[in-house]
Amino acid sequence: MEKSQDKILSDYTQSDYKFGFVTDIDTDSFAKGLNEDVVRHISEIKQEPAFMLEFRLKSYRHWLTMKMPAWAHLRIPEIDYQNIIYYSAPRQRAKLAGLDQVDPELLRTFERLGIPLEEQKILSGVAVDAVIDSVSVKTTFKETLAELGVIFCSMSEAIREYPDLVKKHLGSVVPYTDNFFATLNSAVFSDGSFCYIPKGVRCPMELSTYFRINAANTGQFERTLLVADDDSYVSYLEGCTAPQRDENQLHAAVVEIVAMDNAEVKYSTVQNWYPGDRNGKGGIYNFVTKRGICKGDNSKISWTQVETGSAITWKYPSCILRGDNTTGEFYSVAITNNYQQADTGTKMIHLGKNSRSTIISKGISAGFGQNSFRSLVKVGKKAVNVRNFTQCDSLLMGDKCGAHTFPYIEVENDTAILEHEATTSKIGEDQIFYCNQRGIDTENAIGLIVNGYAKEVLNKLPMEFAVEAQKLLQISLEGSVG
Amino acid sequence: MLQINNLHVSIDDKEILKGIDLDVRAGEVHAIMGPNGSGKSTLASAIAGRDIINITHGEILFRGENLTGMSPEERARKGLFLGFQYPVEIPGVSLVNFMKTAINEQRKFRGQEPITASEFLKFMNEKKKLVGMHTNLANRSVNEGFSGGEKKKNEIFQMAMLEPLLAILDETDSGLDIDAMKIVAGGVNKLRSPENATIIITHYQRLLDYIVPDFVHVLYKGKIVRSSGKELALELEEKGYDWLKETGEEIN
Chain H
1 MEKSQDKILS DYTQSDYKFG FVTDIDTDSF AKGLNEDVVR HISEIKQEPA
51 FMLEFRLKSY RHWLTMKMPA WAHLRIPEID YQNIIYYSAP RQRAKLAGLD
101 QVDPELLRTF ERLGIPLEEQ KILSGVAVDA VIDSVSVKTT FKETLAELGV
151 IFCSMSEAIR EYPDLVKKHL GSVVPYTDNF FATLNSAVFS DGSFCYIPKG
201 VRCPMELSTY FRINAANTGQ FERTLLVADD DSYVSYLEGC TAPQRDENQL
251 HAAVVEIVAM DNAEVKYSTV QNWYPGDRNG KGGIYNFVTK RGICKGDNSK
301 ISWTQVETGS AITWKYPSCI LRGDNTTGEF YSVAITNNYQ QADTGTKMIH
351 LGKNSRSTII SKGISAGFGQ NSFRSLVKVG KKAVNVRNFT QCDSLLMGDK
401 CGAHTFPYIE VENDTAILEH EATTSKIGED QIFYCNQRGI DTENAIGLIV
451 NGYAKEVLNK LPMEFAVEAQ KLLQISLEGS VG
Chain D
1 MLQINNLHVS IDDKEILKGI DLDVRAGEVH AIMGPNGSGK STLASAIAGR
51 DIINITHGEI LFRGENLTGM SPEERARKGL FLGFQYPVEI PGVSLVNFMK
101 TAINEQRKFR GQEPITASEF LKFMNEKKKL VGMHTNLANR SVNEGFSGGE
151 KKKNEIFQMA MLEPLLAILD ETDSGLDIDA MKIVAGGVNK LRSPENATII
201 ITHYQRLLDY IVPDFVHVLY KGKIVRSSGK ELALELEEKG YDWLKETGEE
251 IN
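First to last, the sequence lines map onto chains H and D. In terms of my numbering, the first sequence opens at residue 1 and continues consecutively. In terms of my numbering, the second sequence opens at residue 1 and continues consecutively.
Each hint should be verified, as a subset may be incorrect.
What the hints assert, rightly or not - Below 20 angstroms or equal to it, Euclidean Cα-Cα: the simulated DMTMM-like pairs (lysine to aspartate or glutamate) are:
| no. | chain 1 | residue 1 | chain 2 | residue 2 |
| --- | --- | --- | --- | --- |
| 1 | D | K108 | H | E48 |
| 2 | D | K108 | H | E247 |
| 3 | H | K455 | D | E231 |
| 4 | H | K426 | D | E89 |
Claimed, not checked - A few chain D residues facing chain H, derived, Cβ under 7 angstroms:
| no. | residue |
| --- | --- |
| 5 | R50 |
| 6 | G69 |
| 7 | G79 |
| 8 | V88 |
| 9 | G92 |
| 10 | A102 |
Simulated from the structure, these hints should not be mistaken for laboratory data. Note that the Cβ used here is the ideal one computed from N, Cα and C, for glycine as well.
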């Protein structure tokens, strides 16, 4: 058995990252390094109001007092924060009035990524905000959405056009003091997406942000803020890719969601940052803070993530269930292959009465990958009748990878009912042989088995992206059988 | 159809099969019987191409082609089917999806277009009826939570779907009650044709009451110690395997 496993492993561990190309475009970049002037300069370029500069500066000053968190089950090589470029933007002539003024090379990049920005070609009913390196290059379907009062634009634009909304909500879910990476982001974020769904509006199309790191030595720090007012609904998807480079690149994003009374937000991520090569060289460090607050009663926030990329992932999309009868959900598939490491999970903070949460995590480890699931379910003193269900499954392929779980529970109200289920399994050689004997080769067999294993989570993705995610799972595991 | 010449097989350096000769022609049903540990399942695995199997001597020819070194999926696509003694569970993968994938692999191999959804459903319903399978079973995950009988029925269903030239049924009768066995046997009989062949591996004679073999072989300690017509099965039923043991010792 052992012998054949090793053979299969070594036969197939090569997987290709098909988004690894670099686009040759002119960029305006800062020199490497971070200091107060860099922070001021970013704010200046963005023509931000004073409150933003204030926010950035206090974040930066606070960041100087902080240390990188070391509690995660990750081995993070030392990061030299002075060796990173904090702002890089595709060079554009003056201001963009229409799509024809976008650099054609840039348009081709998004075409290659399968994200056409020309509206007539776009997948039916998906509005896209495309962010390359540090700035948003194009937001589609803006006018259609505007008719409903939905604001969907880049964060820079939101800061200029809707300063009151931004001022009210930015940092309200993830305060600037929150953690090392979120604080850094608060100081230097260059763009991202902003979305506001007005009262009573069901957003008729999927909103989507597509992030792309292109320039070398650049950190990407985007900031997303999503506000769903009373009785509204929105489904939001985020996708990410990066070129194949030998050095590691830092991605430290912050996503904040605010859901008011009866609002529902569905946030899905298909994360496919460059994972590094099969010897563990290069790849993105993905240190992301995502948090939503169910502020109003009966509101609901649902996170779905398919994490296949990045050399290191540190990410815990969480819900603060402050309103009564609120619902928080977290559905996750995380793959680590080759030398990838992931420490991911969620926090469900129950403060409201009758609030409930569901956590379904499916970890898949292959190669030398290390996959950790970390969760916190917290029930406050006043939160009566809280329900939580947590299911945490790990799938191992081969005998050189690892799966770890760190579930934390803190309950201060004894009416709470919490359930926790966990399983660990291995893709068995007998399963693969069974498929083989029916004429299905090993690659496809793994695809079938893994997609079957992750089905509960994949089913939560918007349909347009579920198929893509299924393929991605298979590609990410190409060859890691055991 | 299948020709096995002086086959020696070891698993983890332990010799299990010690010189097997077998000739199966189209239209024939062969039964291979023998006590536990005699090498019956190893023979099935060797034909299907399981990689723990190490062929040290001899050869297996399937329609004139040497199978040594051929991947199990290629053997399957060429018309070889193994009904598993212990069918494997694949959680989350519906039987419909599983079968559709398998059939399309087979079609791709033959240079045919993938089957359309409606064609597939029609074909599947036909075969489900043939083997008497419950409608809802196909929508469940492959073998997950199936009873022993359902698992075995599912093997026959898959065989019916894939229409193999040579089917090897490894202890398909074990764990079946009489009613389930009748259904399974009925399925096998309906699929019998002059173009295909079946090898039934069994410990007991009772399945052979329902599927009448053309030949019966007795495998003992890695060798075929007797081959004869269907009457051999009855003789075994009557005498048990003990008398063989004496013969077996002599052979060794």
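Right, here's what the structure says about each hint:
1. A hinted pair counts as satisfied when its Cα atoms are at most 20 angstroms apart, and K108(D) with E48(H) does not qualify at roughly 59 angstroms.
2. Restraint check for K108(D) and E247(H): the C-alpha separation of about 42 angstroms exceeds 20 angstroms, so the hint is violated.
3. Between K455(H) and E231(D), the direct Cα distance comes to roughly 51 angstroms. Violation of the 20 angstroms bound is thereby established for this hinted pair.
4. In summary, the hint linking K426(H) to E89(D) is supported, as the alpha carbons are separated by about 12 angstroms, within the 20 angstroms threshold.
5. A hinted interface residue such as R50(D) counts as satisfied when its beta carbon comes closer than 7 angstroms to some beta carbon of chain H; here the least separation is about 6 angstroms, so the hint holds.
6. The interface hint given for G69(D) is violated, since its Cβ lies 14 angstroms from the closest Cβ of chain H, which is over the 7 angstroms cut-off.
7. Taking 7 angstroms as the C-beta cut-off, the interface hint given for G79(D) is violated, the closest approach to chain H being about 10 angstroms.
8. Taking 7 angstroms as the C-beta cut-off, the interface hint given for V88(D) holds, the closest approach to chain H being about 4 angstroms.
9. A hinted interface residue such as G92(D) counts as satisfied when its beta carbon comes closer than 7 angstroms to some beta carbon of chain H; here the least separation is about 3 angstroms, so the hint holds.
10. Interface hint at A102(D): satisfied, since its Cβ lies 4 angstroms from the closest Cβ of chain H, which is below the 7 angstroms cut-off.
Violated hints, listed in ascending order, are 1, 2, 3, 6 and 7; each of the other numbered hints is respected by the structure.
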